[in-house]
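Enquirer: Could you slot chains P, Z and C onto chain W? The hints should help.
Number of protein chains: 4
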Amino acid sequence: MASNSFGSFLKLTTYGESHGVSIGGILDGVPPGIQLDLDKIQLEMDRRKPGQSSIVTQRKESDIVHFKSGIFEGITTGLPIGFEIQNTDNKSNDYGHIKDVFRPNHADYTYDQKYGQRDHRGGGRSSARETASWVVAGAIAKQILSDVKFTAYTHAVGALELTAKDTVDFDVIEKNPVRCPNEKVASQMEDYIRQIRKEGDTIGGIVKCVISNVPKNLGDPIFEKLHANLGKAMMTINAVKGFDYGSGFEGVSMRGSEHNDLFNTDGSTKTNHSGGIQGGISNGMDITFRVAFKPVATLMQKQQTINKNAEEVEMQGKGRHDPCVVPRAIPVVEAMSALVLADAYLLNKSIH
Amino acid sequence: MASNSFGSFLKLTTYGESHGVSIGGILDGVPPGIQLDLDKIQLEMDRRKPGQSSIVTQRKESDIVHFKSGIFEGITTGLPIGFEIQNTDNKSNDYGHIKDVFRPNHADYTYDQKYGQRDHRGGGRSSARETASWVVAGAIAKQILSDVKFTAYTHAVGALELTAKDTVDFDVIEKNPVRCPNEKVASQMEDYIRQIRKEGDTIGGIVKCVISNVPKNLGDPIFEKLHANLGKAMMTINAVKGFDYGSGFEGVSMRGSEHNDLFNTDGSTKTNHSGGIQGGISNGMDITFRVAFKPVATLMQKQQTINKNAEEVEMQGKGRHDPCVVPRAIPVVEAMSALVLADAYLLNKSIH
Amino acid sequence: MASNSFGSFLKLTTYGESHGVSIGGILDGVPPGIQLDLDKIQLEMDRRKPGQSSIVTQRKESDIVHFKSGIFEGITTGLPIGFEIQNTDNKSNDYGHIKDVFRPNHADYTYDQKYGQRDHRGGGRSSARETASWVVAGAIAKQILSDVKFTAYTHAVGALELTAKDTVDFDVIEKNPVRCPNEKVASQMEDYIRQIRKEGDTIGGIVKCVISNVPKNLGDPIFEKLHANLGKAMMTINAVKGFDYGSGFEGVSMRGSEHNDLFNTDGSTKTNHSGGIQGGISNGMDITFRVAFKPVATLMQKQQTINKNAEEVEMQGKGRHDPCVVPRAIPVVEAMSALVLADAYLLNKSIH
Amino acid sequence: MASNSFGSFLKLTTYGESHGVSIGGILDGVPPGIQLDLDKIQLEMDRRKPGQSSIVTQRKESDIVHFKSGIFEGITTGLPIGFEIQNTDNKSNDYGHIKDVFRPNHADYTYDQKYGQRDHRGGGRSSARETASWVVAGAIAKQILSDVKFTAYTHAVGALELTAKDTVDFDVIEKNPVRCPNEKVASQMEDYIRQIRKEGDTIGGIVKCVISNVPKNLGDPIFEKLHANLGKAMMTINAVKGFDYGSGFEGVSMRGSEHNDLFNTDGSTKTNHSGGIQGGISNGMDITFRVAFKPVATLMQKQQTINKNAEEVEMQGKGRHDPCVVPRAIPVVEAMSALVLADAYLLNKSIH
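Chains as they are written, first to last, in this note's numbering: chain W, 1 to 352; chain P, 1 to 352; chain Z, 1 to 352; chain C, 1 to 352.
Chain W on its own, in the form it takes in the complex (with noise of 0.2 Å):
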């Protein structure tokens, strides 16, 4: 096991259940000398905290985060940072009526048979509320690369996504619940949600990610490339089903010669159907990802499943839960892509 650390050089090592004490991690491998923003660290809490809209859990969390080392007088020591997240808005007993049962999709059934028992409230570990702890980690990897811009945003929601003929403006995605770079489709996507929950039931979609101003060499053959290992950190995500990069499904239908990246003199390419890596490394053009949501397992119906003892039951979700995971899981998306470069920046500086 041993399974709840991430990254190799720098290393986020978790803790927490959902409605346990709190939530928290360890974030090992931060150069010394990183005068730490702590505002924006806190900011990009924020944009991941449940209750933010109408469109999301009412669940309410301050979700302030407690630094507890490896900063001293402001600025990164070079030493593990310790943080913790309070499990405020923790109210356990809207799960009673889960506690042996099985809910369909969650991974109750699998924790159960894996490990014997499990603290059943909210998903125990298994709740995305553990990504809260990845979002502190991500705002600081951030700022070791603060140069890179990550911009991560919903390009869809169940079948209703941006076309070609959309504009795409960033600027627009914090403003709008969906996290959208379009208000048209932000506003249709919006009503779409609203619609989905008010029927108890819940949509996937898909989130896009462009990281610019990418330092060349990030990124390790063989087995530590860096689409491989943001593949592996979004498939981490909860609810997440899917991954491409660059072309990426798309490319299959294309011909090499339609596909390659023909070179400029200066090294950048033409086109960019390698979404900025090739052979594992990354070439200084953007990096373009893809991440699939499936719909939100729970619902606000009644479904049919089984309990411990192998009896057929009825169950209807409670709790506060998400219409659509999406718009929330922007940020997460993000702060996984920053610690897997980050990770990979501080690994190349062993050979230059």
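Please keep in mind that the hints were generated in silico from the structure rather than gathered at the bench. The beta-carbon is built from N, C-alpha and C at its ideal position, and this holds for glycine as well. Please note that a few of the clues may not be correct.
Listed next, with one range per pair, are the computed distances between beta-carbon atoms [to be verified]:
{"no.": "1", "chain 1": "Z", "residue 1": "Glu311", "chain 2": "C", "residue 2": "Gly33", "range": "36 to 44 Å"}
{"no.": "2", "chain 1": "Z", "residue 1": "Thr163", "chain 2": "C", "residue 2": "Asn307", "range": "38 to 46 Å"}
{"no.": "3", "chain 1": "W", "residue 1": "Lys198", "chain 2": "P", "residue 2": "Gln52", "range": "53 to 61 Å"}
{"no.": "4", "chain 1": "P", "residue 1": "Lys216", "chain 2": "C", "residue 2": "Ile64", "range": "47 to 55 Å"}
{"no.": "5", "chain 1": "P", "residue 1": "Gln52", "chain 2": "C", "residue 2": "Ile64", "range": "34 to 42 Å"}
Expert: The following block gives chains P, Z and C in isolation, referenced to the frame of chain W:
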């Protein structure tokens, strides 16, 4: 760096360049007491090796594996298995023309930037020849998991793909050079690849993989989820641009009420949108995923590119290359899957 | 970096400085289903904590462990155990005088060189306060290995050491402040330490450790030999300068015919110069080793030293320090041993 | 398991048994652009190889290293260096008599218990033949750290040791078969070993190592302290029973006022009881340590032992063995030291 190892518990470390003396590796963590079937290992090598049909590269490699250690009187000893595959048909002369040239969408430019120099012959370490070592290790992993069945096949060549109404017969896969489980579609795909090759061009494709008879409890929260490790493994394969599992990118437009897999009382599920993995842990259902491959970058056409002196030059692929990488990628997808599952299987033993 | 984790399978990651908010850690890889005895954990903390007697530092810390996760209804869940220990009696004012001064034989100079700056208060991260977190983890490791008995004790204080004719009674260890298993020698050692303290000086010592009822098969060739991991663990403890096991440095002058441990027919051995480990793997005999501690570097005397500006300055230790570190190191030696053995124990499960 | 790798950043993975086809390894993480001096590597191999003089084993191995990858036109590429050493003089017939016998103080019994079976020939994987691969890797590590000087030598053979009044001349070391830096004592040691051999017996010894011109800042708190990694590396060498550094076990009986190394204004210290490492990090002073070796377990005498059927049997060593392992261990001590320091050196680059 030290990035040439894969797996935590069952760990493969590899070395070698396409046109060096040999490639090979060390597989560490194989349990003792397994009577290895060496013929089965060689069979997997033969499935991957070049020159098998007219639609793949004509490089001829005998690809005989030489084992050096870790097997005593035919039985694994629990100690590392060293192995080597000679590079016999390495016509390095074929590559003089690319010595100082950066081929589009290869790793030439990024390796050169990162390392300052490189073995340019046949792509050196970035060549897919490396995957021969993975197939050796994967074939051993399959014998560790002797009850599990790994079946990968060609789902699409370019836009030509199996549809819902095409029958899928696994027994057909190895009987056609495309490795498609439907004879009629296979024949169309073969013709299509032949046409592409004639034009000196290349085309992408999609591999599907079904893993059946999977033990429960494989995979670990939070950062060693089974599907995240499968995703990383697939993204590690040369030319892969995307990965999804279970409902994947299609799941995006489904509603939760439709997507949730309802339980049977034995813990199995009536549908399998989860793709055999819930909360990162196998639930005993079939594991299913897709892998997207881009078109091969080496064309038998003239292309504009640049050289080390940042001058524009014209180049044309020589050497022996695949017009579509998918048929030969099938055993590689299986091998990497087997490594991921065997690693998770051995790790899981610690808690039971 | 990322050097603040210990163990591969049972992995402890720690954070914290001597005079920060708190210290703590995350213990990952604890098997599920263990009914943890929290009192026993606190008892180990009490054995290590300062202020227990007149021969140790008078810093007062309640050293109460707060668990955050991984334990549900008193039972381990198999998920990471987060814990925190508040720093309550951190009189940082005591340390103003060393802000810009490099204390001899401390980590002040090397930390400053490596990181460019540091939390100077009480040695910051380099303080032995860190070992409190190790004791928490070690106490849990002991409960994983509930049948194994770890007994460390004071073998020597300076040149005053147990000789072959002194009886050794483990029941006596916790009944005297020196933790020596012979009352008479304990009393001499106590007097000696008191004398050293009066002179404002410090003295080294040797800890011996006996681990009995050890399962066979712990440890792995080639680079995870059990004694090599024990050695590393011991060398990790603050102020340790040496380690040997079994016959150790004394074995050097023995002949093979005298040193070889002859077998009984049940596989046990008539002598135990091997110290319970052969070829890096436990053989079921008692594991025995010694750990050498240097004299504590902080003196209550004037010393010449230098400051950040490379100027000679005179300094005198303030704060509260141990004249001899050995008595309080006893539970730390046991804790680190337990972590090493539990890690090896869990790893070994994969092959059986 | 997966325990056959050493180092985190510069990582050596090895395979092979004493009497298999070959031994070898993969050294990953070597920086690109180093013009490797292959003769120097072979020279180190020659220092270690058997049959060099009448006081070591008469096994004859040419021990020529064959490199497979990672070096292009004489220069390292930054990619893994695969290498192989053939086992040519593996007289397996010599070992028929120990097939089912557990030799005292060897790894026979523990390997058999752990793995259920083993390659018994010459100790299989537990043989010190493995160290030939370490010497290859260490010789490359020395070239990464081309300014650092590693000097190991024989300090004691049995009770016969260099005393404070014996001059130490490093130039003498390679000029006598014992590798002692004092000709007169060397000659006494040689006579003593010859006498021991004549009696069919074996004897232990102590190696000292001095590493000079060491860069500052090597080593990382808390769990990757430089001396802890050196200690682990030394404890990994076959037959090693103890390790200490700087003042070591002698420091135990010193007072702090005597032991503290006072600073010069340039940060160097007037004495070096610290052994070049403070707080786990190199301070630029010489690194000094001792390694204790037990007497070789294989005797040319009759010994009582047991076999697989738990029967008492009598055995006598055949084969070709060293009466004292220390002279041939010298290059191994240096090699492992170089691996540890080079790893720390590359890691340290990430923060500067």
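Enquirer: Look at each hint and say if it fits the structure.
Expert: Hint-by-hint comparison with the structure:
no.: 1; hint: Z:Glu311 to C:Gly33: 36 to 44 Å; verdict: holds, 41 Å
no.: 2; hint: Z:Thr163 to C:Asn307: 38 to 46 Å; verdict: holds, 39 Å
no.: 3; hint: W:Lys198 to P:Gln52: 53 to 61 Å; verdict: holds, 57 Å
no.: 4; hint: P:Lys216 to C:Ile64: 47 to 55 Å; verdict: holds, 50 Å
no.: 5; hint: P:Gln52 to C:Ile64: 34 to 42 Å; verdict: holds, 37 Å
Against the hints set out earlier in the document, no violation occurs for any number.
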